[in-house]
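*Asks:* So the sequences go chain by chain: G and Y.
The numbers in the first sequence follow this note's numbering, run straight up by one, and end at 1535.
The numbers in the second sequence follow this note's numbering, run straight up by one, and end at 471.
There's no promise every hint is true.
[Stated by the list, open to error] Within a straight-line C-alpha distance of at most 30 Å, the following computed DSSO-like cross-link-like pairs (lysine-lysine) qualify:
{"hint": "1", "chain 1": "Y", "residue 1": "Lys357", "chain 2": "G", "residue 2": "Lys1470"}
{"hint": "2", "chain 1": "G", "residue 1": "Lys1076", "chain 2": "Y", "residue 2": "Lys466"}
{"hint": "3", "chain 1": "Y", "residue 1": "Lys466", "chain 2": "G", "residue 2": "Lys1470"}
{"hint": "4", "chain 1": "G", "residue 1": "Lys1073", "chain 2": "G", "residue 2": "Lys1277"}
{"hint": "5", "chain 1": "G", "residue 1": "Lys1220", "chain 2": "Y", "residue 2": "Lys466"}
{"hint": "6", "chain 1": "Y", "residue 1": "Lys466", "chain 2": "G", "residue 2": "Lys1305"}
{"hint": "7", "chain 1": "Y", "residue 1": "Lys357", "chain 2": "G", "residue 2": "Lys1076"}
{"hint": "8", "chain 1": "Y", "residue 1": "Lys466", "chain 2": "G", "residue 2": "Lys1218"}
{"hint": "9", "chain 1": "G", "residue 1": "Lys1483", "chain 2": "Y", "residue 2": "Lys206"}
{"hint": "10", "chain 1": "G", "residue 1": "Lys1483", "chain 2": "Y", "residue 2": "Lys466"}
It should be emphasised that the hints constitute simulated quantities derived from the structure, not laboratory data.
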Amino acid sequence: MAKVIKLRKGLDINLRGKATRETLAVDCPGEYALMPDDFCGVKPKVVVKEGDAVKAGDALFVDKLHPEVKFVSPVSGTVSMVERGDRRKLLSIRVKSLTPSLSKGEGEDSRQFTPPSEGTGEAIKALMLESGLFAFLRQRPYDVVANPDDKPKAIFVSAFNSMPLSQDFEYVLQGQEAEFQAGLSALAKLAKVYLGVSAKQTAKALTEAKDCEVNIFDGPAPAGNVGVQINHVCPVNKGEVVWTMGAEEVIFLGRLLKTGKVDFTRTIALAGSEVKAPKYYKVKVGQKLTTLLNEKLTVKNEKLTAENEKSGAGSVRIINGNVMTGLKTTAEGFLGAHATEVNVIPEGDHADEMLGWIMPRFNTFSTHRSYLSWLFGKKKEYVIDARIKGGERHMIMSGEYDKVFPMDIYAGYLVKAIIAGDIDRQEALGIYEVAPEDFAIAEFVDSSKLELQRIVREGLDILRKENA
Amino acid sequence: MKSYCFPKKQLVPGWGSKYFIFHFFIISLYIVYIMNPIKKLFDNIHPYVEEGGKFHAFRSLVDGFETFAFVPNTTSRVGSVNIHDAIDSKRIMSFVVIALLPALLFGMYNVGYQNALAAGHLADATFWGMFWYGFLAVLPKIIVSYVVGLGIEFTVAQWKNEEIQEGFLVSGIIIPMIVPVTCPLWMLAIAVAFSVILAKEIFGGTGMNIFNPALITRAFLFFSYPSAMTGDATVWVAQDTILGLGYKSADVYTAATPLGEAAQAGFQGFAPETIQNAITGLIPGCIGETSVIAIALGGLLLLCTGIASWKTMLSVFVGGAATGYLMQALGLTHILWYEHLVLGGFAFGAVFMATDPVTSARTECGKYVYGLLIGFIAVLVRVLNPGYPEGMMLAILLMNLFASLIDYCFVQRNINMRAKRAAIK
Chain G
1068 MAKVIKLRKG
1078 LDINLRGKAT
1088 RETLAVDCPG
1098 EYALMPDDFC
1108 GVKPKVVVKE
1118 GDAVKAGDAL
1128 FVDKLHPEVK
1138 FVSPVSGTVS
1148 MVERGDRRKL
1158 LSIRVKSLTP
1168 SLSKGEGEDS
1178 RQFTPPSEGT
1188 GEAIKALMLE
1198 SGLFAFLRQR
1208 PYDVVANPDD
1218 KPKAIFVSAF
1228 NSMPLSQDFE
1238 YVLQGQEAEF
1248 QAGLSALAKL
1258 AKVYLGVSAK
1268 QTAKALTEAK
1278 DCEVNIFDGP
1288 APAGNVGVQI
1298 NHVCPVNKGE
1308 VVWTMGAEEV
1318 IFLGRLLKTG
1328 KVDFTRTIAL
1338 AGSEVKAPKY
1348 YKVKVGQKLT
1358 TLLNEKLTVK
1368 NEKLTAENEK
1378 SGAGSVRIIN
1388 GNVMTGLKTT
1398 AEGFLGAHAT
1408 EVNVIPEGDH
1418 ADEMLGWIMP
1428 RFNTFSTHRS
1438 YLSWLFGKKK
1448 EYVIDARIKG
1458 GERHMIMSGE
1468 YDKVFPMDIY
1478 AGYLVKAIIA
1488 GDIDRQEALG
1498 IYEVAPEDFA
1508 IAEFVDSSKL
1518 ELQRIVREGL
1528 DILRKENA
Chain Y
47 MKSYCFPKKQ
57 LVPGWGSKYF
67 IFHFFIISLY
77 IVYIMNPIKK
87 LFDNIHPYVE
97 EGGKFHAFRS
107 LVDGFETFAF
117 VPNTTSRVGS
127 VNIHDAIDSK
137 RIMSFVVIAL
147 LPALLFGMYN
157 VGYQNALAAG
167 HLADATFWGM
177 FWYGFLAVLP
187 KIIVSYVVGL
197 GIEFTVAQWK
207 NEEIQEGFLV
217 SGIIIPMIVP
227 VTCPLWMLAI
237 AVAFSVILAK
247 EIFGGTGMNI
257 FNPALITRAF
267 LFFSYPSAMT
277 GDATVWVAQD
287 TILGLGYKSA
297 DVYTAATPLG
307 EAAQAGFQGF
317 APETIQNAIT
327 GLIPGCIGET
337 SVIAIALGGL
347 LLLCTGIASW
357 KTMLSVFVGG
367 AATGYLMQAL
377 GLTHILWYEH
387 LVLGGFAFGA
397 VFMATDPVTS
407 ARTECGKYVY
417 GLLIGFIAVL
427 VRVLNPGYPE
437 GMMLAILLMN
447 LFASLIDYCF
457 VQRNINMRAK
467 RAAIK
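Work the whole structure out from these sequences, hints included.
*Replies:* The following block contains the structure:
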């Protein structure tokens, strides 16, 4: 019987526009893009030129420091653009797909890999490196792409996301149980695998998964964060490395082992209050969002232009990933590598709400009792826009973060140590165990409106540089 | 027409179609006559106060007022969380001010009551007469406190190119409440300036200060002008008329606070009426600290909204009661243990000052220790130090200093646990 770990701290935010359990396919002829920024901590080195023909599974760029870690094209086609920004920073590599309609099951001319027959750890690792799946492994500390030279003490996979408007992995898993198990078994060759399952999930493929230790987590968000699960099961000490992988990416690995082909097809949730009928969609990593969002939002397509973005007329915020952790993007953007959902919420930059500091604001969600949302119960769904709703201040209230931070870490003190740049103290307070996403809920409830995720990300980057 | 009011769907729930016309009418009036002009006014002012504008020196001031009038439309940046809780420091500080109002209003009434009592006109004084007298006696102090304090805050915010921080909204109303009614305005102005600059702004403003600025103001007055703060017991009661209201006492009237009486030789314990009056608040004392009932109302609001920590508040009372009981048992004093809790500034300090999140302990366990020690030291000073009948101010200031040490111990425990875990592996 799996161990049940009960978490009390945290917060479930009930947002309007959850995806219903129905999956549609979306056609995406045209461009796909792979963005190096989705893979934290990587110095990208482009290995293709514009006009090159690539197959799904061919490397587009590699990590300069570890050239064996490859980042591969999700589709077959021709490289249409190598997009660079300021100081020639690589922004994206775009591939124009040759296959007109992927969703109709038209076979794609993917690169063929040969899954190792004996299945040793080294062989699995070599296959993952070559096929670009290794790039989806992340490591603690630093929350960056894993280093193939490391020997991790464990690999953690969280089978649920507890953030609002997130994908329901149990639903996504239906019909892909075999691939998921194959992926887990392969990972188990590299290190001990821990699978974190929610108390609400009952699928046998999860609760009785083989070749891994299953732990059941019962509690509010961010219980689904792999960082929280690591902290409770097998905390990271200085000098140790733990790898993590997204649950859906484990399915990618299973598919690769089964068919020998790279197939980055995800079932993502298109959710949020500004989506007309929130549902699941079968899409590919790097797919252009225009194809996904077409006619599905409350605002008209033609309004999603760059000019309107600036003037803010009836604007919505399209988020590449989850509303708590994802990056704001535009309809012209591309689906991020790790995004398991696309959330769309109101931008709210023309709300002009008067005297908010004293109004009752009945329809506004707050964890604070000076608002009345606690009276309406947990069933009420809220529409929350992207406004910060206050000015940034020094940390004034105490214990705000700790209430929603289910780890035995003093979150407020850690954040202060990061702001102060005191590396010894960061280490002592447990920075190696955290990732920016673990602070998402704390950032939401913070009355001082500090950008915790950004602070933690920058702190981790500096620390990594110092320790290198 | 573009509506400058609540976002749509933000109206009061349950207002069905029955009230629609009425509702629509009120909201339209509100938008046309109040909201749009104010919004336009701010939009018109903006170019003047921005960088390079004619009145750039007033940017922080305009910003401050605008963010009070409208919730800022700024949306979260890329790379941070996309949605935010509606709570902000403006709301928190405003609620503390609201929580202070019962004690302030009662304090005003009590000023009038004590004035009438001193002049021997209690029988013919009316409720409103006494209240307005107190109102007029206290209002100048509130104005001076806010003008001096906010003036400095606005200047510093402008200078550092920051937003105005709301912390002084609370300090600015607490300060008049913890001084005697006869405190001269010039003294108050100097003390406020001293504390805002040296206790707060040099540390970096709200959230960074070590000591509670309101208490530093009082401590400054207490040590610089002792005769105006305690002294010969004439300071607690206003004895002159204000704009024709109130009464002029015939002779110099002396009325010590109950704690002052207790510190004098020959004290044999309080009469039950004194304690009754201390609970209702009809005793001489600092303006806002006398009524336990009014303070309790404010305390209730702070606890319900979760702004003040119940851990700190409860432990101050427990610490005070336990120490009071001990002192009483040892025969060191004639004040009974529960009397300590209702007299002087104990209740006010426990509810409004000890719970200041910035200067109190920040760890959850630390809050118990912090509170217990405040209660302990306050009573200790009251009983064992004949020079100071009141010990709450000193107790809180002392513990402000030690709050970070208390936190250090609890944080260090977490650090040691982590170090030990790493060593075992």
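*Asks:* Hinted pair, alpha-carbon criterion (30 Å max): Lys357 (chain Y), Lys1470 (chain G). Please report holds or violated.
*Replies:* holds, 15 Å
*Asks:* Taking 30 Å as the top limit, are the C-alpha atoms of Lys1073 (chain G) and Lys1277 (chain G) close enough?
*Replies:* Status holds; Cα separation ~23 Å.
*Asks:* Quickly compare the C-alpha distance for Lys1220 (chain G) and Lys466 (chain Y) to 30 Å and report which way the hint goes.
*Replies:* holds, 18 Å
*Asks:* Are Lys1076 (chain G) and Lys466 (chain Y) close enough, with their CA atoms no more than 30 Å apart?
*Replies:* holds, 25 Å
*Asks:* When you check the alpha-carbon spacing of Lys1483 (chain G) and Lys206 (chain Y), does it fall within 30 Å?
*Replies:* This hinted pair holds, its Cα atoms lying about 21 Å apart.
*Asks:* Mind checking the alpha carbons of Lys466 (chain Y) and Lys1470 (chain G) for me, to see if they're no more than 30 Å apart?
*Replies:* holds, 25 Å
*Asks:* So if I understand the rule, the pair passes when the alpha-carbon distance is 30 Å or less; does Lys466 (chain Y) with Lys1305 (chain G) pass?
*Replies:* holds, 11 Å
*Asks:* Given the hint that Lys357 (chain Y) pairs with Lys1076 (chain G), does the C-alpha gap stay at or below 30 Å?
*Replies:* Holds: Lys357 (chain Y) and Lys1076 (chain G) sit about 18 Å apart, inside 30 Å.
*Asks:* Does the alpha-carbon distance linking Lys1483 (chain G) and Lys466 (chain Y) stay inside the 30 Å limit?
*Replies:* With Cα atoms ~23 Å apart, Lys1483 (chain G) and Lys466 (chain Y) stay inside 30 Å; holds.
*Asks:* When you check the alpha-carbon spacing of Lys466 (chain Y) and Lys1218 (chain G), does it fall within 30 Å?
*Replies:* Between Lys466 (chain Y) and Lys1218 (chain G) the Cα gap is close to 22 Å, so the pair holds against 30 Å.
Comparing the model with each numbered hint stated earlier shows that all of them hold.
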